[in-house]
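Engineer: Below are the chains, spelled out letter by letter.
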Amino acid sequence: MDNAISYMSKYIRIIVHICALLPLLTLFWDLRFDNLSVNPIQDITFRTGKPALVLLVLVLSVTPVRKWFGLHSLIQFRRTLGLYVFMYASLHFLVFVGLDYGFDIELLLSSVFKKPYVVLGFLAYLTLVPLAITSTRGWIRRLGKYWKMLHRLVYLTGILAVAHYIWAVKSDIRQPLLFAAVICLMLFARIPAFNRSLHLLSERWTSK
Amino acid sequence: MLNIPSPEITPEHIYLSRRKFMSGASKIMLGAALTVACSDQTESSNSDFDSGNRQTDRDNLGDSWTSYKSITNYNNFYEFSVNKERVAVMAQDLRISPWEIEVGGMVKNPGRYHVDDLLSKFDQEERVYRLRCVEGWSMVIPWTGFPLRRLLDEVEPTMNARYVRFETLYDPVQLPGQNDGWYSWPYVEGLRLDEASHDLTILATGIYGRALLPQNGAPLRLVVPWKYGFKSIKSIVRMDLVSEQPVSLWMKAAPVEYGFYANVNPNVHHPRWSQDTERRIGELQRRKTLLFNGYAEQVDNLYTNMDLKIHF
Numbered sequence: 001m002d003n004a005i006s007y008m009s010k011y012i013r014i015i016v017h018i019c020a021l022l023p024l025l026t027l028f029w030d031l032r033f034d035n036l037s038v039n040p041i042q043d044i045t046f047r048t049g050k051p052a053l054v055l056l057v058l059v060l061s062v063t064p065v066r067k068w069f070g071l072h073s074l075i076q077f078r079r080t081l082g083l084y085v086f087m088y089a090s091l092h093f094l095v096f097v098g099l100d101y102g103f104d105i106e107l108l109l110s111s112v113f114k115k116p117y118v119v120l121g122f123l124a125y126l127t128l129v130p131l132a133i134t135s136t137r138g139w140i141r142r143l144g145k146y147w148k149m150l151h152r153l154v155y156l157t158g159i160l161a162v163a164h165y166i167w168a169v170k171s172d173i174r175q176p177l178l179f180a181a182v183i184c185l186m187l188f189a190r191i192p193a194f195n196r197s198l199h200l201l202s203e204r205w206t207s208k
Numbered sequence: 001m002l003n004i005p006s007p008e009i010t011p012e013h014i015y016l017s018r019r020k021f022m023s024g025a026s027k028i029m030l031g032a033a034l035t036v037a038c039s040d041q042t043e044s045s046n047s048d049f050d051s052g053n054r055q056t057d058r059d060n061l062g063d064s065w066t067s068y069k070s071i072t073n074y075n076n077f078y079e080f081s082v083n084k085e086r087v088a089v090m091a092q093d094l095r096i097s098p099w100e101i102e103v104g105g106m107v108k109n110p111g112r113y114h115v116d117d118l119l120s121k122f123d124q125e126e127r128v129y130r131l132r133c134v135e136g137w138s139m140v141i142p143w144t145g146f147p148l149r150r151l152l153d154e155v156e157p158t159m160n161a162r163y164v165r166f167e168t169l170y171d172p173v174q175l176p177g178q179n180d181g182w183y184s185w186p187y188v189e190g191l192r193l194d195e196a197s198h199d200l201t202i203l204a205t206g207i208y209g210r211a212l213l214p215q216n217g218a219p220l221r222l223v224v225p226w227k228y229g230f231k232s233i234k235s236i237v238r239m240d241l242v243s244e245q246p247v248s249l250w251m252k253a254a255p256v257e258y259g260f261y262a263n264v265n266p267n268v269h270h271p272r273w274s275q276d277t278e279r280r281i282g283e284l285q286r287r288k289t290l291l292f293n294g295y296a297e298q299v300d301n302l303y304t305n306m307d308l309k310i311h312f
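Note that the protein sequences, when read in sequence, are chains D and F.
Every letter in the first sequence is one number past the one before it in my numbering, and letter 126, counting from 1, is 126.
Every letter in the second sequence is one number past the one before it in my numbering, and letter 9, counting from 1, is 9.
The set of hints was computed from the structure by calculation and includes no laboratory data.
Some hints could be false.
Claimed, not checked - Derived PhoX-like pairs (lysine-lysine); straight-line CA-CA distance at most 20 angstroms:
hint, chain 1, residue 1, chain 2, residue 2
1, D, Lys114, F, Lys288
2, D, Lys148, D, Lys67
3, D, Lys170, F, Lys84
4, F, Lys288, D, Lys115
5, F, Lys309, D, Lys114
All chains, please: the whole structure from these sequences, using the hints.
Structural biologist: So, in structure tokens, the structure goes:
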């Protein structure tokens, strides 16, 4: 399986790009053909935020999935996915402050940026900025061992982003909690003890 | 009858400040793309139903009516769907006739009323009201209906009655959203008796001169224009006069966020969202949210000596 991924990587790469761009393309399509609701700015806000979160979950899943299933060649898609997270998050942020609030900084600061969901979302976005900047080969080389340390910041992004989602919904937080559960699982998967017990569990299960 | 000033005498400063706010300093990103998307919804229609640009189609602050299409296709009605655009589709088959409403509790003359009888019994008036959703969007809706007070006069609340408790139809077959255990069905709302008796408070039976559609709460719904939209309970089957403050569905679902009063008030902060501004459906820029949704003059005497931050 892992070999297959390496062998087909050129094609898989194209598929990854298409899938990651699909939410944006369908959004433009719906804009062009007037398929959005009568509250289009809110639709655009939601439809840029959700892909950012979904892609972030995928980014956080790469390492655990590689480990659990031995799919080591998945690593080559992680940067691409991460940059798409940044793209959607940037759009989401710009749509919110620009399209929704018309860059009315006074209003944004006096009332909007006091709301937990806005603060959490903004912090989540801020953590993405250094990660996107240092995603190039040059920066990886220059930062050396510090690069890996810096990029652990993405764990914080995950927590902030899902907290942002929980605070943004009206009352029914079942879906945000589902995202929170998956992100927690992916973060726990970074803890060696967690993986060891997971391994033990699976061995016990398969030996039965 | 409420004395609503005609648009001709809307104070100029209100008019101008609103224009100034709307025209704002900001340049809109993606503006061109959005104009294409939104203009179809506000301007493209040919029929009177879909456009609100006749001179008379304005509310008491001079704002145009929201298009019939928007009013009937963007609805919060969780009994059908949590997706505002799905509601109209899901609600199509609701049986709205025959429909009875039972009025009871602390009244001298309890009774069951056919909606058709209410329509013939009470004169139907047009009331153009702003509707402000707690989610931060708003519309201007030309309702037809009659003041709730008329019905209350008919049943005669007793001395001990202090509140009115309203209940929506409970029928999980027709209202599939009621199978979702996250909320405590049926939908319940309440008003203090003086709020319920206020002239602005109506039971609506129509929109744009047409019979109410199920997605808008057919055949009979409450409209309380100075409160957030969720107070205006839809498809009512039961009204009870009670002595204790009723507990609404939203108060149960999130007590910290939704209080009994739920008056539109930019100074009372909602824990999740900013209530300072709103987006009028059909417009691109936000508007400032007005105290009591712009009806302060008519209703603020209901709340003298009350801390509205405590009684939110």
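Engineer: With reference to the structure, classify each hint as holding or not holding.
Structural biologist: Now for the hints, and whether the structure bears them out:
no. : hint                  : result
1   : D:Lys114 <-> F:Lys288 : holds, 17 angstroms
2   : D:Lys148 <-> D:Lys67  : holds, 17 angstroms
3   : D:Lys170 <-> F:Lys84  : holds, 13 angstroms
4   : F:Lys288 <-> D:Lys115 : holds, 17 angstroms
5   : F:Lys309 <-> D:Lys114 : holds, 17 angstroms
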